[in-house]
Amino acid sequence: DATWLADEVVALGYDVTEPELPLVAVDLPDTTFEALRDAGWKLSRTGAGEARVVCMPHVTREALRAFLADLDRIRT
Numbered sequence: 005d006a007t008w009l010a011d012e013v014v015a016l017g018y019d020v021t022e023p024e025l026p027l028v029a030v031d032l033p034d035t036t037f038e039a040l041r042d043a044g045w046k047l048s049r050t051g052a053g054e055a056r057v058v059c060m061p062h063v064t065r066e067a068l069r070a071f072l073a074d075l076d077r078i079r080t
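Residue 5 is where the sequence shown starts when you use this note's numbering, and the numbers rise one by one after that.
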């Protein structure tokens, strides 16, 4: 699911680090990062400052689609 999420985030126009683990690192503006956290998403940053989304086994596509919808809504 990390690869799927990375592809979907790229489709929204963001740069991502190609996932090697079940996580996606997304280069988000600070305002977008904070807005996602304010919306209830538990995000942290990588050492390089990218938003880190961990796709644990219990994370469903439905949850990832909800994240993408919020990311798209916040962007516009």
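By construction, these hints were calculated from the structure, which means they are not laboratory data. There's no promise every hint is true.
Straight-line distance between alpha carbons at most 25 Å, and here's what the computed SDA-like set of lysine to any residue pairs gives [said to hold, decoys possible]:
1) LYS46 / ALA15
2) LYS46 / ALA6
3) LYS46 / ILE78
4) LYS46 / GLU12
5) LYS46 / ASP11
6) LYS46 / ARG79
7) LYS46 / ASP31
8) LYS46 / LEU72
9) LYS46 / ARG77
10) LYS46 / MET60
11) LYS46 / LEU25
12) LYS46 / ARG69
13) LYS46 / THR21
14) LYS46 / LEU68
15) LYS46 / ARG65
16) LYS46 / VAL14
17) LYS46 / ASP5
18) LYS46 / PRO26
19) LYS46 / TYR18
20) LYS46 / PHE71
21) LYS46 / ASP19
22) LYS46 / ALA73
23) LYS46 / TRP8
24) LYS46 / THR64
25) LYS46 / ASP76
26) LYS46 / THR7
27) LYS46 / ALA70
28) LYS46 / VAL58
29) LYS46 / HIS62
30) LYS46 / VAL63
31) LYS46 / LEU16
32) LYS46 / ALA67
33) LYS46 / ASP74
34) LYS46 / PRO33
35) LYS46 / LEU27
36) LYS46 / ARG56
37) LYS46 / THR36
38) LYS46 / GLU66
39) LYS46 / PRO61
When you check the alpha-carbon spacing of LYS46 and PHE71, does it fall within 25 Å? Satisfied, since the Cα-Cα distance of roughly 11 Å is no more than 25 Å.
Do the alpha carbons of LYS46 and ALA70 lie within 25 Å of each other, as the hint requires? holds (13 Å)
Measure nothing beyond the straight line between the CA atoms of LYS46 and ALA15; if it is 25 Å or shorter, mark the hint as holding. Roughly 22 Å between the alpha carbons, so the hint for LYS46 and ALA15 holds.
Check whether the Cα positions of LYS46 and LEU16 lie no farther apart than 25 Å. Measuring from Cα to Cα gives roughly 20 Å; hence the hint holds.
For a C-alpha distance cap of 25 Å, please report whether LYS46 and LEU25 respect it. holds (18 Å)
Is LYS46 close enough to ARG56, meaning Cα to Cα at most 25 Å? holds (9 Å)
Does ALA6 sit within 25 Å of LYS46, going by the straight-line distance between their CA atoms? holds (16 Å)
For the pair supplied as a hint, LYS46 and PRO33, confirm whether the alpha-carbon distance does not exceed 25 Å. The hint holds at about 16 Å.
CA of LYS46 to CA of ASP74, is that 25 Å or under? Holds, at about 13 Å.
Agreement of LYS46 and THR36 with the hint, judged by alpha carbon distance not exceeding 25 Å: Since the Cα atoms of LYS46 and THR36 sit roughly 13 Å apart, the hinted pair holds (cutoff 25 Å).
Check whether the Cα positions of LYS46 and TYR18 lie no farther apart than 25 Å. holds (19 Å)
Please verify whether LYS46 and ASP11 have alpha carbons no more than 25 Å apart. holds (20 Å)
Every hint, counting from the list given before, is met by this structure.
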